[in-house]
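K.L.:
In case you want the letters, here they are:
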Amino acid sequence: MMHATTGRLAGKVAIVTGAGRGIGKGAAKALAAAGARVALASRSEGPLAELAAEIRDLGGYALALPCDVGVRADVDRVVTTTAETYGRIDILVNNAQSWGPPGAKAVAPPPTAFEELPEEWWDHTFQTGVKATFYFCQAVFPHIKGHGGKIINFGSPAAVAGRPGMVDYGANKEAIRGLTKSLAREWGPYGINVNVICPVVETDALREARQREPNRAEAALETVPMRRLGDSDRDAGPLVVFLASPESDYLTGHTFMLDGGRVMI
Amino acid sequence: MTSVAESHRASHSGQQFRGRVAFVCGADTGISHAVAQALAARGARVALAVVGKSAPAKAVAPSIDGGALLPIDLRLPDSVNAAVTGARAACGPIEILVNCTEAPIEKSFLETDETHWRELVQVSLFGVFRVTQLVIPEMIERGFGRVVNITSDAGRVGGAGQAIDAGCAGGVIAFTKTIARELARSSITANTVCCGPMDDQTAKPGAAGDSEARLRSIPLRRLGQPSEIGAAVAFLASEEAGFITGQTLSVNGGTSMS
Numbered sequence: 001m002m003h004a005t006t007g008r009l010a011g012k013v014a015i016v017t018g019a020g021r022g023i024g025k026g027a028a029k030a031l032a033a034a035g036a037r038v039a040l041a042s043r044s045e046g047p048l049a050e051l052a053a054e055i056r057d058l059g060g061y062a063l064a065l066p067c068d069v070g071v072r073a074d075v076d077r078v079v080t081t082t083a084e085t086y087g088r089i090d091i092l093v094n095n096a097q098s099w100g101p102p103g104a105k106a107v108a109p110p111p112t113a114f115e116e117l118p119e120e121w122w123d124h125t126f127q128t129g130v131k132a133t134f135y136f137c138q139a140v141f142p143h144i145k146g147h148g149g150k151i152i153n154f155g156s157p158a159a160v161a162g163r164p165g166m167v168d169y170g171a172n173k174e175a176i177r178g179l180t181k182s183l184a185r186e187w188g189p190y191g192i193n194v195n196v197i198c199p200v201v202e203t204d205a206l207r208e209a210r211q212r213e214p215n216r217a218e219a220a221l222e223t224v225p226m227r228r229l230g231d232s233d234r235d236a237g238p239l240v241v242f243l244a245s246p247e248s249d250y251l252t253g254h255t256f257m258l259d260g261g262r263v264m265i
Numbered sequence: 001m002t003s004v005a006e007s008h009r010a011s012h013s014g015q016q017f018r019g020r021v022a023f024v025c026g027a028d029t030g031i032s033h034a035v036a037q038a039l040a041a042r043g044a045r046v047a048l049a050v051v052g053k054s055a056p057a058k059a060v061a062p063s064i065d066g067g068a069l070l071p072i073d074l075r076l077p078d079s080v081n082a083a084v085t086g087a088r089a090a091c092g093p094i095e096i097l098v099n100c101t102e103a104p105i106e107k108s109f110l111e112t113d114e115t116h117w118r119e120l121v122q123v124s125l126f127g128v129f130r131v132t133q134l135v136i137p138e139m140i141e142r143g144f145g146r147v148v149n150i151t152s153d154a155g156r157v158g159g160a161g162q163a164i165d166a167g168c169a170g171g172v173i174a175f176t177k178t179i180a181r182e183l184a185r186s187s188i189t190a191n192t193v194c195c196g197p198m199d200d201q202t203a204k205p206g207a208a209g210d211s212e213a214r215l216r217s218i219p220l221r222r223l224g225q226p227s228e229i230g231a232a233v234a235f236l237a238s239e240e241a242g243f244i245t246g247q248t249l250s251v252n253g254g255t256s257m258s
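As given, the protein sequences belong to chains S and Y, one line each in that order.
Counting from 1, one number per residue, gives the positions in the first sequence under the working numbering.
Counting from 1, one number per residue, gives the positions in the second sequence under the working numbering.
No lab work stands behind these hints, which were simulated from the structure alone.
Ideal Cβ placement from N, Cα and C applies to all residues, glycine included.
Treat the hints loosely; a few may be bogus.
[Unchecked claim] Computed Cβ-Cβ distance ranges for the label pairs, DEER-style:
1) Glu186/S x Gly158/Y: 21 to 29 Å
2) Glu115/S x Glu114/Y: 40 to 48 Å
3) Thr5/S x Gln15/Y: 51 to 59 Å
[Stated by the list, open to error] One side only, chain Y facing chain S, incomplete, derived with CB under 8 Å:
4) Gln15
5) Glu141
6) Arg181
7) Val251
Chain S extracted, bound-state conformation (with noise of 0.2 Å):
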């Protein structure tokens, strides 16, 4: 059941990307348990209509906003319907991300040498991620930036420490860390925390490059301390509920790694 009028997020609005699974998912169920209305925004439309269902029979709030977050004109659409339909906007988790081949199906492209990487792959990495992110941080500000708010970006592990095979996605993976450091710092006065994660959580993406390559994600679990993935609903879901909250107010420009101890900085 839900919290929409006792949770600690209650009177909060959320738009949450690439909510149709993993991540994204298990954040907007978390804040939408603990009382925010959530706007769930993503191109997986039958996904997205079936959360915001599931939400919305357990006693939550839920909007479903088809976008593809690599377009201006849409991410401009999901805030100004979100704004009009909920009256207000408090939180943003930028979790979409795409990589690869623009258009694939496939979640998780195979690792790429990077003297071969396509520059349209380049493009669409960086477009639906770091373009995506300042899209909709720029879209919201005009109406958080009365009451202050809580931005939350996703970053990558991998990206920290780097990785061969997906140079497009750390680069890209790293700039919104640079982002989000910087839009901290500009931001900080009107009262917006601007905080990123850095997940190791298991995806579909995930998934998909551990069917593909057993003993290479083997090996890379005996890189993790704890000798596991993160869990979307367990592990990611109360990180973004606590950095939505009034928790964290004094904590902004941070990097969270939730990657079971891999990597510390």
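Please arrange chain Y on chain S, whose structure you already have, making use of the hints.
P.N.:
Coordinates of chain Y only, in the frame set by chain S:
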């Protein structure tokens, strides 16, 4: 979704740490009090061990009702042992350990001497080692534990007038990362919380205070409240934060970022 809502309900109704015992030790300051209060408010039985006279901490005693208030001298292994034993006897096996190290006396490095170094290292570094070594075996046995060490941002970015304290803080951060790696497979997490500019009522006369220039240097334009350190510790000590370990969380209004 039920589990998310249930755990949220539990944390919201002040029962998040019901049945858990927390040992909070350190200087008798606003920070350790706020941490004890934050954990107690969420249902933990808190044993608060404070350095020096135990009288001032009595102000915080009612809020840790059902817990214990103990004296500790972190320089003396016997005293540390007595405090940990006393906490166990009063509250039960310790599953959450919070070490709060001392606030520094500002002094340029060249003005410090061996006596000052030894005093600070004994408390802020050896003290953390002593307490942690006594508490961890029981956590391993129980297959659950949360260690949160509170220190200063000087350990990450340095701080003029805090050479020895920053050295200890850096040591605490590296120590915490290492035990995080050693204990991860026992489902014990270890993280550090670094305090930024705080409004903790222990600021020394003549210290920077909350002058306008100082506040302008803080992105969030204000000092932090001890309760905000308490909230960060409560999050890291929660079951929900079980996949977060070896991390250094600067609760500092954005003054430094890594």
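K.L.:
Find the hints from earlier in the document that the structure breaks and name them by number, from lowest to highest.
P.N.:
2, 3, 4 and 5
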